[in-house]
Amino acid sequence: MRPLQPLALTVSAPPHRHCGVTVRGRMGNILLAMAPAVVMAVASFGVSGFRVMAMAVAAAILTEAVCDKFMDRETQIHDLHAAVVGLSFAFLLPASAPWWLAAIGSAISIVLGKMVFGGLGGSPFCAPLIGWAVCRLSWPLFMDLDASMLNVELTYPLAQLKNFGLGFVSVTDLGQLFMGRQLGGLGAVQIAGVLIGGLYLILRKHISWIIPVGVIAGALITAALFNAADPNVYAPATFHVLTGSMMFGAFFLATDGPSSPNRRIPMLLFGLLIGVMIIIIRVYGVYPDGTPFAILLASLFTPVFERIRPKPFGVR
Amino acid sequence: MSKLWKEFSKGLWKELPPFKLVLGLCPVLAVTNTANNGLGMGAAVIFVLTLSNLLVSLVRKAIPAKVRIACFIVIAASLVVAVELLMQAFSYPLYQQLGIFVPLIVVNCIILGRAEAFASKNPPLLSIADGLGMGIGFTMSLTFLGSLREILGQGTWFGMHVTWDGFEPFGFMVQAPGAFVSLGVLLALMNFMENVRRKRRGLKAVEGPSHDCGSCGACGSSSKC
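So the sequences go chain by chain: A and B.
All residue numbers for the first sequence refer to my numbering, where the first residue is 1 and numbers rise by one.
All residue numbers for the second sequence refer to my numbering, where the first residue is 317 and numbers rise by one.
Hints listed in this document are in silico derivations from the structure and should not be mistaken for laboratory results.
One or more hints might be untrue.
Straight line, CA to CA, 20 Å or less: simulated EDC-like cross-link-like pairs of lysine to aspartate or glutamate [claimed, not checked]:
1. LYS162/A x ASP79/A
2. LYS336/B x GLU432/B
3. LYS515/B x ASP68/A
4. LYS382/B x GLU432/B
5. LYS520/B x ASP72/A
6. LYS162/A x ASP173/A
7. LYS515/B x ASP72/A
8. LYS69/A x GLU432/B
On a predicted model such as this, the values are computed, not experimentally measured, just so you know.
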């Protein structure tokens with residue numbers, strides 16, 4: 001008679017199944033989605049654009065490695081998040097940015113925007129925007145997209161709108177704006193490339209469609225209201241959506257995981273707040289393009305939006 | 317004598333007011349945009365702190381316990397008015413730079429903290445040593461933070477040009493957010509150094525405050541996290 005075999009059971013802690021999405025895979029996909037804009041930026045600004053992006057990415061990865069060493073923890077640079085932060089930061093810079101600006105700003109993005117909060121997933125802000133804000137306050141001359149790029153024939157439509165009025169904007173043709181024939185953050189103004197990348201991310205479900213739609217809808221509605229009030233002073237809504245870093249912010253910065261809410265209604269409100277704030281800053285603020293500040297501001301509201309949540313089952 | 321030295325020297329490093337006790341942050345954040353301002357503010361605080369410690373210590377037995385805070389404030393306020401008038405007379409530009417923060421020394425936590433925690437329980441000589449030590453520690457911290465912010469943010473130190481040509485000043489540092497960031501980084505560095513020191517002695521590193529989930533409730537789940 002055979003001895004009774006006990007059933008072979010594996011005891012382990014949940015989760016027992018994994019869908020296969022890794023941080024590295026997700027970040028790789030985001031980098032892939034940024035590729036069209038990178039190609040367009042290099043085509044538009046040449047080597048100087050490539051130089052800024054390479055410097056920022058390298059500085060971000062190096063800074064994260066040093067921080068990990070300093071914090072006595074295993075390095076996580078292979079998850080590519082540092083590369084995404086560096087590239088996103090470079091996308092907001094003018095192509096003429098000096099090398100130290102790209103390096104310092106990128107390092108600040110990683111240190112103050114990510115590592116001081118405990119690494120990936122801990123930051124209440126979108127990391128590249130922290131670096132952008134610090135640099136914008138510190139070196140306004142080098143960060144000024146208009147003044148630092150006088151030697152190219154492209155123009156910065158938002159600065160023209162802000163400083164001279166709607167009648168002096170030299171490129172209002174939406175098709176040209178769409179193809180990136182404008183000045184701005186070197187990658188962020190490559191609207192077509194950014195849009196392709198954003199749609200790719202949405203189709204692969206790496207980001208939700210709600211936040212970008214919220215941002216664009218909020219901006220369109222607010223800009224349309226202003227435009228309806230006085231079409232001679234306020235630019236049309238479509239112009240606002242296709243200029244500056246609005247598209248890049250909507251698809252890549254506002255959808256940053258830890259700093260944005262994660263339910264449908266909060267996401268929509270978050271997006272709408274960003275869109276409305278962008279137009280308000282563009283109309284009333286001192287900065288020509290309000291996208292980074294609008295997103296930083298909305299990130300502060302994330303915990304408030306997160307309070308909108310379904311009632312747990314059985315709770316009165 | 318050794319006791320006197322102990323009370324004096326604890327303010328210099330072991331209980332360095334802004335960076336170890338994290339007291340008196342209002343002037344630390346507000347006036348340290350240049351090294352000169354930090355030094356001037358520190359000097360005013362040394363004066364007020366030493367004299368208020370002395371006076372509080374002298375009258376410590378006459379003050380009823382119930383009104384002691386008000387008495388301490390009155391003493392500190394009189395001294396601050398004296399400092400303010402002296403500054404107006406002898407260093408008017410500095411007075412204009414520091415502005416509202418000179419009168420605000422009255423409500424500085426260090427003054428009240430030392431009066432309450434030390435001077436009201438100890439004899440005058442020890443209180444003077446304590447006030448002087450704390451004041452000098454405070455001045456050193458303010459001057460250090462001011463130097464850091466001035467050198468990075470303006471490229472100068474006490475108004476002298478100390479950086480190389482082509483240095484682009486890091487303007488963020490002299491503005492308000494730079495104060496918070498640099499103070500936070502300094503505090504982190506202090507803790508890091510403390511942990512390195514403990515590790516060398518073979519002690520366990522000090523972690524942050526152990527987080528009690530039950531008392532916080534920020535995430536909404538009151539029972540478990």
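These are the hints, each one checked on the structure:
Annotation: proposed proximity of LYS162/A to ASP79/A is violated, straight-line Cα distance about 40 Å (limit 20 Å). Simply put, LYS336/B and GLU432/B have alpha-carbon atoms about 18 Å apart, close enough for the 20 Å limit, and the pair holds. A threshold of 20 Å between alpha carbons decides the hint, and for LYS515/B with ASP68/A the separation of about 19 Å falls inside it, so the pair holds. Distance check on the hinted pair: LYS382/B and GLU432/B sit about 12 Å apart at the alpha-carbon level, within 20 Å; holds.
Among the hinted pairs, LYS520/B with ASP72/A is consistent with the structure: their alpha-carbon atoms are about 15 Å apart, no more than 20 Å. With a CA separation close to 18 Å, the supplied pair LYS162/A and ASP173/A stays within the 20 Å bound. In summary, the hint linking LYS515/B to ASP72/A is supported, as the alpha carbons are separated by about 13 Å, within the 20 Å threshold. With a C-alpha separation of about 43 Å, the suggested pairing of LYS69/A with GLU432/B is violated against the 20 Å cut-off.
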